[in-house]
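Top to bottom, those sequences are chains A and B. Its first residue numbered 221, the first sequence is counted upward by one per residue in this note's numbering. Its first residue numbered 27, the second sequence is counted upward by one per residue in this note's numbering.
Once the Cα atoms are required to be at most 20 Å apart in a straight line, the calculated PhoX-like pairs of lysine-lysine come out as: (1) Lys-380/A to Lys-253/B; (2) Lys-200/B to Lys-236/B; (3) Lys-147/B to Lys-210/B; (4) Lys-147/B to Lys-216/B; (5) Lys-41/B to Lys-612/A; (6) Lys-380/A to Lys-612/A; (7) Lys-385/A to Lys-173/B; (8) Lys-563/A to Lys-41/B; (9) Lys-59/B to Lys-159/B; (10) Lys-104/B to Lys-620/A; (11) Lys-348/A to Lys-645/A; (12) Lys-380/A to Lys-479/A; (13) Lys-41/B to Lys-101/B; (14) Lys-561/A to Lys-41/B; (15) Lys-173/B to Lys-612/A; (16) Lys-173/B to Lys-479/A; (17) Lys-385/A to Lys-253/B; (18) Lys-346/A to Lys-645/A; (19) Lys-380/A to Lys-181/B; (20) Lys-612/A to Lys-104/B; (21) Lys-612/A to Lys-101/B; (22) Lys-181/B to Lys-612/A; (23) Lys-612/A to Lys-253/B; (24) Lys-380/A to Lys-173/B; (25) Lys-612/A to Lys-247/B; (26) Lys-385/A to Lys-181/B; (27) Lys-147/B to Lys-159/B; (28) Lys-620/A to Lys-101/B; (29) Lys-620/A to Lys-41/B; (30) Lys-159/B to Lys-63/B.
Here are some chain B residues the structure puts well away from chain A; computed CB gaps all over 12 Å: (31) Asp-74; (32) Glu-110; (33) Leu-219.
So the derived label-pair ranges between C-beta atoms look like this: (34) Leu-252/B to Leu-374/A: 19 to 29 Å; (35) Asn-93/B to Ile-623/A: 24 to 34 Å; (36) Ile-623/A to Ser-195/B: 42 to 52 Å; (37) Ser-195/B to Ala-358/A: 54 to 64 Å; (38) Asp-196/B to Ile-324/A: 54 to 64 Å.
No wet-lab data here; the hints were simulated from the structure. Yeah, the Cβ is synthetic: ideal placement off N, Cα and C, and Gly gets one too.
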Amino acid sequence: MQMIALIILITLLICFFIGANDSPVIVQPSIQNNDKTDKLNSNFWLMIIGEILGAIFLGSIVANTIINRIVDLTPLYNNIDLLFISIISILIVVFVFLLASQFIPFPISTSHTMIGGIIGIGYLFKFKLFYPAILKIALIWILTPILGLVAGFLFYQSIKFFIFKKKNPQSFPFLFLFFLIFIFFFCLKIINKLDFSSRIVITLTLFSIIILMVYLFIKNGKRIKNSSDRFKQLYYQDSKQVSIEGIIEEYEGIENLFKPMQKILLPFISFAHGANDTGNAISLASLFIYIYILNRGKIFNLNLKDYQIQTLETCIAILLLAGSIALSSGIMLLGRKRFSKIKIENLKISPIRGFCIYLASSLVIILTSGFGYRVSTVYTLAGSLLGIGYSKGFEIFNSKLLIQLTISWLFTFLLSIVSTYFLCKMFMMLFNLNIN
Amino acid sequence: MRKYSTIFQRILPEKTIISLIEQHASYLIEASKYIKKALNNYMDRIDDDDLIESLSSIERKADGIKNEFRDLLRKALKLSFEREDLLEFIHIQDNVIDSLEDFGKLISLNLLEISITEDIKTLLFELVDEVIKSIDEYYILISNLEKTFYLSYSKKIIEKQIEIINNLSDIEHKIDLISLKLGKWAFSRKNELNAIDIIHFNNLVIILSKIPNMIARLADKILDFLK
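Construct the entire structure; sequences and hints are all you get.
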């Protein structure tokens, strides 16, 4: 019983700190210089909705990938003590890395640490490692920020072409419509892997989002047209009479039309983050509880056979819900507080740039998740931001961060393999445990 | 307490190139406010040390921004403009502030002993007004530069910026004509006036007339940035 309590506690703490660490990054592109605190709060709430829905509906795909596609852990299923030592070693390493990430100058991905930890256990017990799957995952880790960069670059270039370089910036909704169609098809691809009830819920959610987007698309399209017509009148009747400030104001009006679009994309990004990160964090705890029930039949003096908690899927589902609540608490209790320390006036992410970051990242995350790969939302967002930088969207930016990110994940990954290996070995020596 | 920063803040530095240029240009505006007073002092034969001190203080502050600007460029971050162009730009803008300070200093070196006719006085004040006007127009260009950039060089904004740049060329031409008249007047009095006074007067006119030239060069650089 203590084993389960300890594993659940560390898992929930991991979820809490993931929420605290990642939420300021995810929400940042949706906040502009002049935004008030209530807008900030509403964006955090939107994020939480996305995180919980993502964890509940898609988290199990990620959790199953972590459990089944990295290392064959089945030889440990008959030795509950050794399984506990292995899982607790991985979770401790993940948790320590997560805490350490607040004191070092580069981000640490929990999924890289978690997968590294599982590989460390695989090496220690000489288990079968699924190298092709691991290589694919590693490749996707490198590819996603790069894809984010390319998508960010292309989207920002398109926006420049469709809005800023045109005399009448009315064409942008077509670009947006194209994205909606794209997004819809990829979502359909993902939900085909789920059971019938989940498919119904997700289809209905997606349908509502798309209806909302189409509504805004039509409404904003009209506003852009009205603004553009008014502007045309002003400009062509007597251009000398129109001040530069007047023209800037008109364009800023168009920029502001992207704010509601950001609000729609924010829960969408959070949905992907919730699915990936909560699924990842709870995977090993779910596996342990499932194996524990199989071996011992009951926890907390409850005969679990009476409560239908007999399958791995049920364990995953329950922990996903608990994990998403812990992650949401991290967002609201710590993430929001951290974000308030950021000087909003120094953020140079305009609504259009924020929209492009979300648009590019959603596309990349949907694409990769659609093929069943675990991706880092934060890395993808950073890649998209750099893409906008390369598209001359920022006067000055740190282009070397992409290299730093790659080094960071490689370092985290290797260090987590070594740390888990030695931590688990130390525990085995302490508790006199042996694989045989 | 450790400063919290997200990955985005590590990508985007807090201070930007254009914001520093704008900050530096604000000292230009501040310095330009003193040149009319300096000319009045010259006409009324008043020695005003406070004015020189104020101009020197502005120049020092502007130098601080210039150094900050250079430090930012040295950090090897990716820029949307050519590094050399930016360095040249801030160098010219700083020279304009230096010229204003030099004008203030030079005017105090030699108190006026010659009698200046009313029409020449008017021309001198017109010259100063045009210099101030060119600085003001230039500041409009600079103060909208950040927004021009963040609105991705929108066609209509660039057209407006070009209008301002053309205005600056007109002012430059007007100042050239005024300074030529003033120079001719000074040298035509070579038999009546003290040679030092003539050279001093002429140097004052030259310093002022060079300012719009430098501003026109800055405007051309901005035009290159906008492309």
